[in-house]
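J.: Listed here are the chains, written in short residue letters.
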Amino acid sequence: MIELKNVQVTVADFNLQQINLSVAKGTYTVILGPTGAGKTVLLESIAGLHAVNEGEVLLDGKDVTNTVPETRGVSIVYQDYTLFPHLSVKENIVFGLKVRHVTKSKIAEELEWICGIFDVEPLLNRQPATLSGGERQRAALARALITKPEILLLDEPLSALDAESREEMHAQLQDTHRKLNITTLHVTHDFEEAMSLADNIVVLNQGKIVQVGRPADIFYRPASDFVARFTMARNIFEGKISGQVGKETIFKTAGQEIYAESEKNTAQYAVIRAEMVNLTPEQPVSLPNVFRGTVKSITDKGANILITLDCPPQFECLLPRQHFEKILLRHGQQVYLSFLPAAVHLI
Amino acid sequence: MEVWRKFARTAGSYFKRHRLLIIFSLFSLVILLFILIPLFKMVFLSNKEALWQALRDTTVLESIWLTLYAALITTAIGFVLGVPLAYILARHNFPLKGVVEGLIDLPIVVPHTAAGIALLFVFGRNYLLGKWFNAIGINFVDSLAGIIIAMLFVSVPFLINSAKDGFRKVDVRLENVARTLGASPWQVFRRVTFPLARRSIFTGTLMMWARGISEFGAVIILTYFPMVTSILIYQRFESYGLTQAVPVAAILVIVCALIFIGFRYILQREKKRD
Chain A
1103 MIELKNVQVT VADFNLQQIN LSVAKGTYTV ILGPTGAGKT VLLESIAGLH AVNEGEVLLD
1163 GKDVTNTVPE TRGVSIVYQD YTLFPHLSVK ENIVFGLKVR HVTKSKIAEE LEWICGIFDV
1223 EPLLNRQPAT LSGGERQRAA LARALITKPE ILLLDEPLSA LDAESREEMH AQLQDTHRKL
1283 NITTLHVTHD FEEAMSLADN IVVLNQGKIV QVGRPADIFY RPASDFVARF TMARNIFEGK
1343 ISGQVGKETI FKTAGQEIYA ESEKNTAQYA VIRAEMVNLT PEQPVSLPNV FRGTVKSITD
1403 KGANILITLD CPPQFECLLP RQHFEKILLR HGQQVYLSFL PAAVHLI
Chain B
101 MEVWRKFART AGSYFKRHRL LIIFSLFSLV ILLFILIPLF KMVFLSNKEA LWQALRDTTV
161 LESIWLTLYA ALITTAIGFV LGVPLAYILA RHNFPLKGVV EGLIDLPIVV PHTAAGIALL
221 FVFGRNYLLG KWFNAIGINF VDSLAGIIIA MLFVSVPFLI NSAKDGFRKV DVRLENVART
281 LGASPWQVFR RVTFPLARRS IFTGTLMMWA RGISEFGAVI ILTYFPMVTS ILIYQRFESY
341 GLTQAVPVAA ILVIVCALIF IGFRYILQRE KKRD
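The listed protein sequences derive, respectively, from chains A and B.
Under my numbering, the first residue of the first sequence carries the number 1103, and numbering increases by one thereafter.
Under my numbering, the first residue of the second sequence carries the number 101, and numbering increases by one thereafter.
Capping the alpha-carbon separation at 25 Å, the derived lysine to aspartate or glutamate pairs in DMTMM-like fashion look like this:
id: 1; chain 1: A; residue 1: Lys1192; chain 2: B; residue 2: Glu370
id: 2; chain 1: A; residue 1: Lys1192; chain 2: B; residue 2: Glu275
id: 3; chain 1: A; residue 1: Lys1200; chain 2: B; residue 2: Glu275
id: 4; chain 1: A; residue 1: Lys1403; chain 2: A; residue 2: Glu1270
id: 5; chain 1: A; residue 1: Lys1403; chain 2: A; residue 2: Glu1377
id: 6; chain 1: B; residue 1: Lys372; chain 2: A; residue 2: Asp1182
Distance ranges between label pairs, derived from CB positions:
id: 7; chain 1: A; residue 1: Asp1115; chain 2: B; residue 2: Pro295; range: 26 to 34 Å
id: 8; chain 1: B; residue 1: Pro295; chain 2: A; residue 2: Ala1153; range: 23 to 31 Å
id: 9; chain 1: B; residue 1: Gly112; chain 2: A; residue 2: Ala1273; range: 53 to 61 Å
id: 10; chain 1: B; residue 1: Glu370; chain 2: A; residue 2: Met1334; range: 44 to 52 Å
id: 11; chain 1: B; residue 1: Ser128; chain 2: A; residue 2: Asn1168; range: 54 to 62 Å
id: 12; chain 1: A; residue 1: Trp1215; chain 2: B; residue 2: Ser125; range: 54 to 62 Å
id: 13; chain 1: A; residue 1: Asp1115; chain 2: B; residue 2: His118; range: 40 to 48 Å
id: 14; chain 1: B; residue 1: Tyr365; chain 2: A; residue 2: Thr1112; range: 45 to 53 Å
id: 15; chain 1: A; residue 1: Leu1430; chain 2: B; residue 2: Gly112; range: 54 to 62 Å
id: 16; chain 1: B; residue 1: Arg268; chain 2: A; residue 2: Thr1112; range: 21 to 29 Å
id: 17; chain 1: A; residue 1: Ala1231; chain 2: B; residue 2: Arg105; range: 48 to 56 Å
id: 18; chain 1: B; residue 1: Arg268; chain 2: A; residue 2: Ala1273; range: 35 to 43 Å
id: 19; chain 1: A; residue 1: Asp1277; chain 2: B; residue 2: His118; range: 49 to 57 Å
Here are a few chain A residues that face chain B, going by a calculated C-beta distance under 7 Å:
id: 20; residue: Ala1149
id: 21; residue: Phe1197
id: 22; residue: Arg1202
Hints listed in this document are in silico derivations from the structure and should not be mistaken for laboratory results.
Glycine is no exception: its CB is placed at the ideal position from the N, C-alpha and C atoms.
Isolated chain A, as found in the complex:
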């Protein structure tokens, strides 16, 4: 278990401020945030690589705030896997055991065990420079885990990979976590990666934690307009609550009324995820949130099509390709967009 209590860290001109975080044992937690948010600094602070100015870092209940990195039982894997370039893959993997003066027979035993998990045996005599991205990651994970750390820290582990290798490594990370049940902290700026891997997500911005929650909470119930924007909610409207109709709250923005399933009395933003918006050529009946709009742009996103509509306000809608091909929209076409009050999140 990782606990951070009011942790404050300064690295050059950057500050991590008042970090309070609790990561349960055996969970997979993703730290999500834009570039420069302080994700890597947070990870390195947990590893003991930066001095903590204020606050406490507790690992499994033990205060390690002033403990050196080599005794924390924490392993880190960086974005480009940072294998030692002057050592073979085998020497890289057993590095942690050698510096701990583990006996040769024990090293051989542990090497066999880790080779079984990461399938790195064919790579053992190769130099890191000759490995592919996926092979490097497997070697780096094997090196990080051969010492059986309590905590695994992953700094953007999928960023340096091509799309195919990403999927392969994604599965590898899930598999590793399932097999070893190790407390994992994974840093990324990619919210889709976070959604698919995490038990919990911590959103970090400008050195501060801005939201902690399960992936669905972050995705559908962002705590701020920043989180909404960062998770690509796309439809974020500024306005205010103007009334209540039964269980539904009316949110007024740009002259339009949006019905939200919420008990809030005040709100500054209404957030509707683009994939929750539906488009129909005919006006749907008995739905509270129906708007007529003109198709302004159509962007092919592969599996989905992004459609921008001028209502006003301007809405964005992410349609599955199959659905898009059924309704066949054109630029300038008039369509009806609709969404359920439950799809509206008020902040």
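Use these hints to put chain B onto chain A, whose structure you have.
T.: Okay, now just chain B, sitting in the frame of chain A:
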């Protein structure tokens, strides 16, 4: 005629495509010849009989040997004291770091005779450190120790700067990973940082040794006797003229060329292997 025209066309097109390379190559050739011709002329066009005589002259041989091993001891001292400083400069920020870096470069820019005088003011028999060392039997004037401190002063910046660049090139995250894998700072330095910076350190060491061998100005202020080769060349030139000085200089050039070309070859081979 047709052949000539075709050749002119090809040459013209080659020049257009490689204009920068051709112009730079011509400039490079000028500077290479500038270095090579005087040394070549001194070594290969000097009187063979005089060269042979100098090779059998024990004063010359002893002087070359003294120069080589004094520079070697100097380099060893520079290595032990300079590499840690290079590491600190590469890895840590502290107040007045820029001043410290400027100070390290100072021995390169001051006239070496001035450096010798400055050293004399500290290590001379009647001065601060000179007195202390004298008490334990180490004397820096007209002695091997004097040669060494003069060489050290003027040559150690080459090692420090080269090692510092080498350490800077080592990704700090490699050190971080090593720490989290259980390595102490010492183990990280020995197993990761130093091996990865070794080529720059080795190059710096070689440069330092070379600079030590060629030192004249600082050494002559502290130690005229025993004579290092640069002083011997000067002394022969002053006392007997060019004919006596050239063979000694030629021998030193040949010895240095053999050593340094050898080391460069080793470095290149290692680079290729990596």
